[in-house]
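Using the sequences and the hints, build the whole thing.
Take 0 as the starting number for the sequence shown in numbering that gives the first Met the number 0 and just add one per residue.
I should point out that these hints are in silico values taken from the structure, not numbers from a laboratory.
Each residue gets a CB set at the ideal place from its N, CA and C atoms; glycine is no exception.
All clues stand as given, with none of them false.
Simulated restraints on C-beta separations: (1) Gly41 x Pro62: 38 to 48 Å; (2) Lys80 x Lys59: 19 to 29 Å; (3) Arg24 x Pro62: 32 to 42 Å; (4) Val60 x Arg24: 33 to 43 Å; (5) Met21 x Lys57: 30 to 40 Å; (6) Lys40 x Ser66: 30 to 40 Å; (7) Met21 x Lys59: 34 to 44 Å; (8) Lys59 x Glu38: 31 to 41 Å; (9) Val20 x Glu58: 40 to 50 Å; (10) Lys22 x Pro62: 38 to 48 Å; (11) Asp129 x Val20: 40 to 50 Å; (12) Lys73 x Glu38: 19 to 29 Å.
Taking lysine to aspartate or glutamate and the DMTMM-like style, the derived pairs with C-alpha atoms no more than 25 Å apart in a straight line are: (13) Lys40 x Glu76; (14) Lys73 x Glu107; (15) Lys111 x Asp63.
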Amino acid sequence: MRTLALCVLTLYVLTGSACSVMKHRSINPTGASFSQAYEIKGFKRLVFVSGQVPEDEKEKVPPDFRSQAELVWKNIELQLKAANMTLQDIVRFTIYLSDRKYRGESYEVRHKVLGAHEPSMTIIITGIYDSQWLLEIDAIAAK
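Laid out in structure tokens, this is it:
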């Protein structure tokens, strides 16, 4: 019974079912399209967007980083749209870069896409599943 109560409490907290209006705020925003922390209260839904990669609907991969980054953000936007959300609903995202030399271009594209919206973020430099992909991004959105 104790486990069931904990599961129900966890579900209650995760769904935010007792709250009616979602509020959010950036904590220590950096001015670089992310904040050191991002608080949300009163959300009703969470959407977890799996890592989006730089492939279009025909599985074509653009040759340069900037085009790949723009395509990845477009793919995230499409996933959020399918959930009746927008990029402004993102509360956290992780960018996986294949090389740190792409940090500057990644910032430029991210800032163009997100504008003044500054959710929390982590960047990880790592090997990526497909050698053609120069980045991958996953996201969490709340509404």
